[in-house]
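Trainee: Residues per chain, in single letters:
There are 2 protein chains.
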Amino acid sequence: MSLEQILKAESVAIVGASKNETKRGYQTIRTLLDEKYEGRIYPVNPKEKSILGFKCYKKVADIEGPVDVALVATPAASLPAVLEDCGQNGVKGAVILAGGFGETGRDGRKLEGEMVAVARKHKIRLIGPNTSGMLNLHDRLNLVGLKNTPKGDIALLTQSGNMALTLITEAKIKSRKGFSYYVGVGNEADIQFHEYLEFFRQDPNTNAVLMYVEGLRNGREFIQQAAKTALEKPIILLKSGRSSTGKRSAGSHTGALAGISEVATGAFKRAGIIVVDCSDMLFPAAETLASLPPIKNNKVAILADGGGHATIAADLLTDSGVEIPELSAKTQANLKKILPAAASVPNPVDVAGGTDADPSVFADCAKIILNDPNVGGLLIVGLFGGYGIRFAESLSLMEEDAAHRMGKMVKKRNKPIVLHSLYNSEKPHALELLRYYNIPVYDSLDIAVNCISVLAEYGNFLNSYHPKQSFELSWGEKARPAGQKIISAARRDGRNALLEHEAKQLFAIHGAPVSADLMAQTEDEAVEFAQKIGQEVVLKIVSPDILHKSDAGGVRIKLKTEKEIRTAFKEISKNARKYNPNADIRGMLVSPMANLGVEIIIGTKYDDQFGPVIMYGLGGIMVEIMKDVSFRVLPITRTTARKMIEQTKSFPILNGARGNPPLDQKAIIKLLMLCSEIVEAYPEIEEMDLNPVIVHEKGISIVDARVILKSEGGMERIRKSECGRRNERIRKSECGRRNLKIRKHLIQKKKQIKGDCYEKTYFNR
Amino acid sequence: MSLEQILKAESVAIVGASKNETKRGYQTIRTLLDEKYEGRIYPVNPKEKSILGFKCYKKVADIEGPVDVALVATPAASLPAVLEDCGQNGVKGAVILAGGFGETGRDGRKLEGEMVAVARKHKIRLIGPNTSGMLNLHDRLNLVGLKNTPKGDIALLTQSGNMALTLITEAKIKSRKGFSYYVGVGNEADIQFHEYLEFFRQDPNTNAVLMYVEGLRNGREFIQQAAKTALEKPIILLKSGRSSTGKRSAGSHTGALAGISEVATGAFKRAGIIVVDCSDMLFPAAETLASLPPIKNNKVAILADGGGHATIAADLLTDSGVEIPELSAKTQANLKKILPAAASVPNPVDVAGGTDADPSVFADCAKIILNDPNVGGLLIVGLFGGYGIRFAESLSLMEEDAAHRMGKMVKKRNKPIVLHSLYNSEKPHALELLRYYNIPVYDSLDIAVNCISVLAEYGNFLNSYHPKQSFELSWGEKARPAGQKIISAARRDGRNALLEHEAKQLFAIHGAPVSADLMAQTEDEAVEFAQKIGQEVVLKIVSPDILHKSDAGGVRIKLKTEKEIRTAFKEISKNARKYNPNADIRGMLVSPMANLGVEIIIGTKYDDQFGPVIMYGLGGIMVEIMKDVSFRVLPITRTTARKMIEQTKSFPILNGARGNPPLDQKAIIKLLMLCSEIVEAYPEIEEMDLNPVIVHEKGISIVDARVILKSEGGMERIRKSECGRRNERIRKSECGRRNLKIRKHLIQKKKQIKGDCYEKTYFNR
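As given, the protein sequences belong to chains A and B, one line each in that order.
Quick note on our numbering: the first sequence kicks off at 2 and runs consecutively.
Quick note on our numbering: the second sequence kicks off at 2 and runs consecutively.
For the record, the hints were derived by calculation from the structure and aren't laboratory data.
Just so we're clear, the structure is a prediction, and the values are computed from it rather than from any experiment.
Any given hint might turn out to be false.
Treat identical chains as interchangeable: a pair holds within one or across any two.
[To be verified] No farther apart than 25 Å at their CA atoms in a straight line, the calculated lysine-lysine pairs in the BS3-like style are these:
1) K59 / K48
2) K644 / K628
3) K628 / K564
4) K412 / K533
5) K650 / K628
6) K671 / K122
7) K533 / K152
8) K297 / K671
9) K711 / K9
10) K297 / K270
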């Protein structure tokens, strides 16, 4: 069901309505009246006849007309019954204010489950529970305890009522911008972040989405929706709760080397989300992105009336990867014509007193600078707006003239200007004028710099976006039946791990270059197989009870002669018995000794929020000591796979550092893609480890492979989760259909972006 | 000469005094009058008889009484003559406003040199040139164009007039704090940063020093002075100009691997300076550190009236290394007694509505929390101060009650409280009260968090400080004459580089374990020497014209037999002739082949701002590809040397990772200390490279050593510089004396700190 009927509800029942002015059940009705909500209002309270002039109903079921949304202000325990009642009326959505559900522990989780079950039965969608409510400013549907929230085009989606209050207060005090919606997401018991995002993408009143997130129930779906949304509207996000999640560490390399938080941030950024790392930047970034066109070429000019501010700004911009190009000779010459000789014009431009007598020279400079085709945006830092305050009042008028001209300039040139002004807090009229023209002004230099750089970051995302790169999801459908057999056999065998040869076989089925290993039961067989292989071999123990073969003395390498093989066989058998007298030994794997090369390690792991994630790194010291690895949320594309490799610090080693030949990177990319495919194809896989894989000048050798399956309990949990249900749905349908649909949507969007976005989207809203 | 007579001048001459109200020569006199400066004022202008009622003099020399300081408002070109005139009167200091000196290029540098020469002749100390001036608020000596600067205990030292304006504006609008001094340092043509620092350390009106620095003329001396000052008063510093300095890269490893900026930041921090990385933090950090006692144990509690703010604060604190300990069982029990059941009390403490009806409960909670011996400081985040605004006006009085109680609590417990309040910008009285008690309040959550963490950072510095660790400077005095001979011989030979065996000899003189290399002139000699050495040997070409021996095919290793040695000798000779037919070949070095071990690399380099710096890293891939190195400004202590080693990511390799034995870290520390000593002992050394050094289980082998001397021009430049002169002075005196003096000073300070600092310094000022 679309969220439209809920978020734009035309009739509201207040369950737990009250005559007590301190109660939410009273205040909500009062606010709806005060703010002139045009829909129908139905108080529900068995003890009252009427409240604030409205007829009061005993039950929701008693209400004559249809009810779009119920605001439920009653305690947690009442919820299953209240929703049952709502169901009788055909209520479409409910906003559950009460806390005391999943966030409080086991009993709460149980109650939350019961509540959701009732809601599902009646097809009622839920906002919350444990939410401060919901507010639709354009339809004056205020179901939250906040008054005087400024109306505008930013949709606000948070998991903290106080952060919402912070952002709304900031908007009120410091900005002309406001909000289209506020939704307190609460526990995400039913409606999840990505569904709101989908709604805001389609909502004509929303031009940017501002989010404060502590945890996501379905990160995978969120990223997919964000990737689609970011192409049309900027998303600004602060993720907190790192310090606790960071502590989580799992047993495998994949889990232990980095908190999921880094993976999440990377995935958010690749989806085009503007991730800010401090709360001071949340509102300014949203304000700027909702107000101004993005910067197309990552190049910014700085205009300053003093050295210090320009130097700090240049440092910070450089830190965030924005270029500060030297202005063209023509631009510099034109600036020199209107500025004193001491002025510095290459970029940053320092007016050196050239605006003291007439601050409207700022606009003259801005015009010349924005005319430079190499300049994508302009950052003005210093005293503008304060000339009238600091020097002579008459200068104010010149500043106002400059403000008008710069405002029009931004519209005409379609290049953004952001201002820092020391005098912003004194609220001079010139700065108010700039805001009227959608030019944001900050008294913090740091924030102004960050704002111009998020415009560049968003522009870079829109530029770099290529639909082909995304969602080349392959389920390896043809190979699946054969692969499934291996997994099922292991399950029947009562195992949650594939044996090495099974794991390799699974990879071989999907087309990986796996060595022709042979499983020997006896010493003689081992010798025979080694002769068949015809080169140096490795002997490895095969036992479901010995996962760490080397630790158990279960591996012997570089075996050439029959004698060596027989000795090794005996030693391994002896070691294995010593290591675990009860081990179920299935045999001995005889593998050809891999050629020389560089070791890499690839691992995947199932994360509760994001589903499967993948890790890549050079093996040995690089992974164990230098922790030089890269992570991605699966599935990945070829481009992502290449970037994973290139982003490690040790990457030059693959390129042939220190006089060595370059190694086969294409083969690594192929293997990463294959891992992605396998993990998507078999949701049973909890964890994979290819360690080591040896990369040669040509080709790779998978020396060891480990595949861990989810426990039956884990499978059940996933099947029940949103993410699992979606995957199942997709898998049951023709698997390509969804991808095709997304691809089509994205190609269409891409066209629109290339054509219009910079020109249209940001002004003709 | 002490700066006291200048910064606290009792008589001022205004050179370039004027009757024109728009001129600095008028405004300065006006301001001194308006602000009731109690000293004597002497306008100087040959064309006027009197200005603002003061007799006007034709020349400074004509002034009857003594003149402490001259404010010079005349153009750059006039300066040599003006200072000559000042010299006649015996003027002690001059503030030079004019630009157009060193910052403009060669001609300006020449003029600056002339000006400084005249000043030196007459013993006039100079502030500037190219400065906005100087301001002593306690003596009302205002020689800067700023009015209404709030008086207080923060000394402000900047290289940007606009940054000074920014900080003063911020203080005026957002704080009750103010400044003791403002000095625009300008070009540092004479008085340098460290001299001001020394003055502020001794100034009773100053409790913190706030600095904005773009470049230091004498970083080495600055660090020494900062280290002394930070023990008594906090120093807060923002360094900008990274982006340009970052681009500078030199040829050697030391220079190329990192901008000096990183080295500088590290050195600043080790000296106890609070280095902030954004301009928004400059004033708040100074305000907080000047107002509150530092946190003794790096442990902070968070008190919040909402989840979001607490979560963000916990993340940021964790990021900056501050601990958020679980409160004691007793503390938690006491909190539970006064808070609702839903409250979370472990830390962060979330009151869960427990302050809604009575916000003075904040003070009750604060009292319980600060009583916990495990809590070093408290951060309160959320709505405090706004309960009266948001809920009911009567709550304001309860907030004010809480403010009084918390203010007294900080003083009594000697533990700091910092506040974030959403309502700060609405200026409720309760927050004004907190400021009265020196508790800073910020509307930015990020800034509030950073402020509590700089209190922890400063506390950590004071705790960790141990006088023995510092300045164990050894000049290797006994070894010097022998070492100097080697260097002088190379100079006589017309060389700026020592040959390998000379460099090794230099190290041997200072006690490094250098192999018994022998220099062979003939093939026969090489064979003879190899036999003498009695193990596998290496042959290396020795030529001042072949510095990169391997590139020239000038090295052969692992030579065992006579035949191998003879072949190698011939090959090397042939290769060398081919590489450079005119090379002056001095012979062939026969060295014992070093035992196996791990390669490291040590380098030193002379930096213009900081003098010699040192680099350490594991060799090979680790330095070339992973750039895994650490830098320090020399001299270093044993502790610093150990930290240099431990701070590299590859450190575990030395500890015996992957089943290898641990290697001799003590020997590396000894070698780093030795490099420090050698570089201090021979100011002629521009650059050294020990690459590779092989570290064994016991001992190390210096396989190759390179020492580059400064060019004669470079030596001249250094001799003339402040830093060089100081070093020369020290070297000529008994070398230990200075160290002894510093050590004594520090031990004394240390005692004072341990005894008083936390108890006294921050309140009884």
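Trainee: Now look at each hint and say whether the structure bears it out.
Mentor: Structure-based check of each hint:
1. Proximity of K59 to K48 under the C-alpha cut-off of 25 Å is restricted to the intra-copy arrangement: shortest distance 7 Å within a copy versus 96 Å between copies.
2. In this assembly of identical chains, the alpha carbons of K644 and K628 lie at most 25 Å apart whether taken from the same copy (17 Å) or from different copies (20 Å).
3. Taking CA atoms no more than 25 Å apart as the test, K628 paired with K564 passes in neither setting, with 40 Å inside one copy and 46 Å between copies.
4. In this assembly of identical chains, the alpha carbons of K412 and K533 never lie at most 25 Å apart, being 75 Å within a copy and 84 Å across copies at closest.
5. For the identical chains of this complex, K650 and K628 are neighbours both inside a copy (10 Å) and across copies (9 Å), given an alpha-carbon limit of 25 Å.
6. With identical chains, the CA atoms of K671 and K122 are never at most 25 Å apart, being 45 Å at best within one copy and 75 Å at best between copies.
7. In this assembly of identical chains, the alpha carbons of K533 and K152 never lie at most 25 Å apart, being 77 Å within a copy and 91 Å across copies at closest.
8. Taking identical chains as interchangeable, the C-alpha atoms of K297 and K671 are never at most 25 Å apart, the minima being 33 Å within one chain and 54 Å between chains.
9. Proximity of K711 to K9 under the C-alpha cut-off of 25 Å is found in neither arrangement, the shortest distances being 42 Å within a copy and 76 Å between copies.
10. In this assembly of identical chains, the alpha carbons of K297 and K270 lie at most 25 Å apart only when taken from the same copy (18 Å versus 39 Å across copies).
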